[in-house]
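Chains as they are written, first to last, in the numbering used here: chain A, 1 to 221; chain Z, 1 to 221.
Read the hints as simulated data drawn from the structure, not as lab findings.
Worth double-checking, as some hints may not be accurate.
[Claimed, not checked] Quick list of in silico lysine-lysine cross-link-like pairs, PhoX-like style, CA-CA up to 25 Å:
(1) K57/A with K19/A
(2) K77/A with K186/A
(3) K77/Z with K183/A
(4) K77/A with K183/Z
(5) K77/A with K214/Z
(6) K21/A with K136/A
(7) K186/A with K77/Z
(8) K200/A with K214/A
(9) K57/Z with K200/Z
(10) K103/Z with K21/Z
(11) K77/A with K21/A
(12) K183/Z with K21/Z
One-letter residues, chain by chain:
Number of protein chains: 2
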Amino acid sequence: MSIKILTIKEDILSANEEKAKANRELMDKNHILMLNITSSPGAGKTSLIMQIIDRFKPNTRIAVIEGDVASSVDANKIGQQDIPVIQINTVGACRLDANMVRKALDNLTLEETDLVLIENVGNLICTAEFSIGEHKRVMLLSVPEGDDKPYKYPLMFTESDAVLINKIDVLPYFDFNVDNFSKAVKGLNPAASIFPVSAKTGEGMEPWFSWLEKSSTSSTI
Amino acid sequence: MSIKILTIKEDILSANEEKAKANRELMDKNHILMLNITSSPGAGKTSLIMQIIDRFKPNTRIAVIEGDVASSVDANKIGQQDIPVIQINTVGACRLDANMVRKALDNLTLEETDLVLIENVGNLICTAEFSIGEHKRVMLLSVPEGDDKPYKYPLMFTESDAVLINKIDVLPYFDFNVDNFSKAVKGLNPAASIFPVSAKTGEGMEPWFSWLEKSSTSSTI
Chain A
1 MSIKILTIKE DILSANEEKA KANRELMDKN HILMLNITSS PGAGKTSLIM
51 QIIDRFKPNT RIAVIEGDVA SSVDANKIGQ QDIPVIQINT VGACRLDANM
101 VRKALDNLTL EETDLVLIEN VGNLICTAEF SIGEHKRVML LSVPEGDDKP
151 YKYPLMFTES DAVLINKIDV LPYFDFNVDN FSKAVKGLNP AASIFPVSAK
201 TGEGMEPWFS WLEKSSTSST I
Chain Z
1 MSIKILTIKE DILSANEEKA KANRELMDKN HILMLNITSS PGAGKTSLIM
51 QIIDRFKPNT RIAVIEGDVA SSVDANKIGQ QDIPVIQINT VGACRLDANM
101 VRKALDNLTL EETDLVLIEN VGNLICTAEF SIGEHKRVML LSVPEGDDKP
151 YKYPLMFTES DAVLINKIDV LPYFDFNVDN FSKAVKGLNP AASIFPVSAK
201 TGEGMEPWFS WLEKSSTSST I
């Protein structure tokens, strides 16, 4: 039984990779930078998106795609910023896939968009396996989750271009060693850029914003 | 394609349900209480298990099964308590299933066990769908994750017998409304018992321990 499932999974992943590639080509054609933002539940993805909107909205046309198992709590929050927001409810699936994202992209006016921020489902496992066509994968790991997470969820850290240590404003109240965590991440993924930030207070945001600007080779952000 | 996947998923779930039932019967035959402990990554499952061990070890023969995608960080921690610990590495799967748990149970001396504590993979989605044969499903939601999680991950809350609000020692530093959260949980699952606790400081543990003792109808804890 398990071998059968594995085969199906490989088929799904391979079909997904094709669709992800098509999404990326669509973004490149329209000079759009697309980010896939992942984390555990409650680690601060929506707050990070709000920070990006605050910083870049004056000069950048931003659209947001929200992935959730259920509800539109986050989409409603972001919708107040007067930018296009598409909510995907995955109806039980633990991650977005390239096909779901394509349907959302088809509902955006791409020629009037510079930056697409995609908030994936809150999960450190399934989201690591599925590309959605992003240029950069950005993960948040929040201080209260603990500094041992790279050992427990290695693929997530291996697959991310940037790792944001979020909620550094509460560092004094938790046993979280930033150096040990950073070493563990670098051990898995030497190319990863690591940014300690607080998406709540704005602390540490500037280096991360600079990284984001540099990531934008074809778009106008 | 999506309909095909759904059918396979139903087959898997139905086969799992059979195996879960067999696990439960095996526990009942041996007068063992079995708990399925779930949460997001880093919400405090291992700390809760350590609290249960501290409180019940003098009079109760406890065994622990640890589920992780990778590593044995938690099993090593718990192994220092001089009780049997079985580590299951799911190799990418985002939840334990009844079959994995059965293999672990086969490595325990059941006639010398009163309480089996199973730490599921850190995840609020996949773990909700798979019974492993537990008598009680216990979930932790930690304060830093936010009080909106019942809306986003409803199945997890619907399927849990007890919901522990963990990390109440850091309530002053987060926007978490215990009343609003509890109302949202009760809206989804009126029968759920809710316990605000700190598995770190031990605060609030006694009511939860009492609930646990009452849950034990056939075992000797």
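Each hint, compared with the structure:
1. K57/A with K19/A: Roughly 29 Å separates the two Cα atoms, so the pair is violated.
2. K77/A with K186/A: violated, 34 Å
3. K77/Z with K183/A: Holds. K77/Z to K183/A sits at ~21 Å (cutoff 25 Å).
4. K77/A with K183/Z: holds, 21 Å
5. K77/A with K214/Z: Violated, at roughly 42 Å.
6. K21/A with K136/A: holds, 13 Å
7. K186/A with K77/Z: With Cα atoms ~24 Å apart, K186/A and K77/Z stay inside 25 Å; holds.
8. K200/A with K214/A: Judged against 25 Å, a Cα distance of about 24 Å means the pair holds.
9. K57/Z with K200/Z: holds, 18 Å
10. K103/Z with K21/Z: Holds. K103/Z to K21/Z sits at ~15 Å (cutoff 25 Å).
11. K77/A with K21/A: Cα-Cα ~30 Å, so violated.
12. K183/Z with K21/Z: violated, 32 Å
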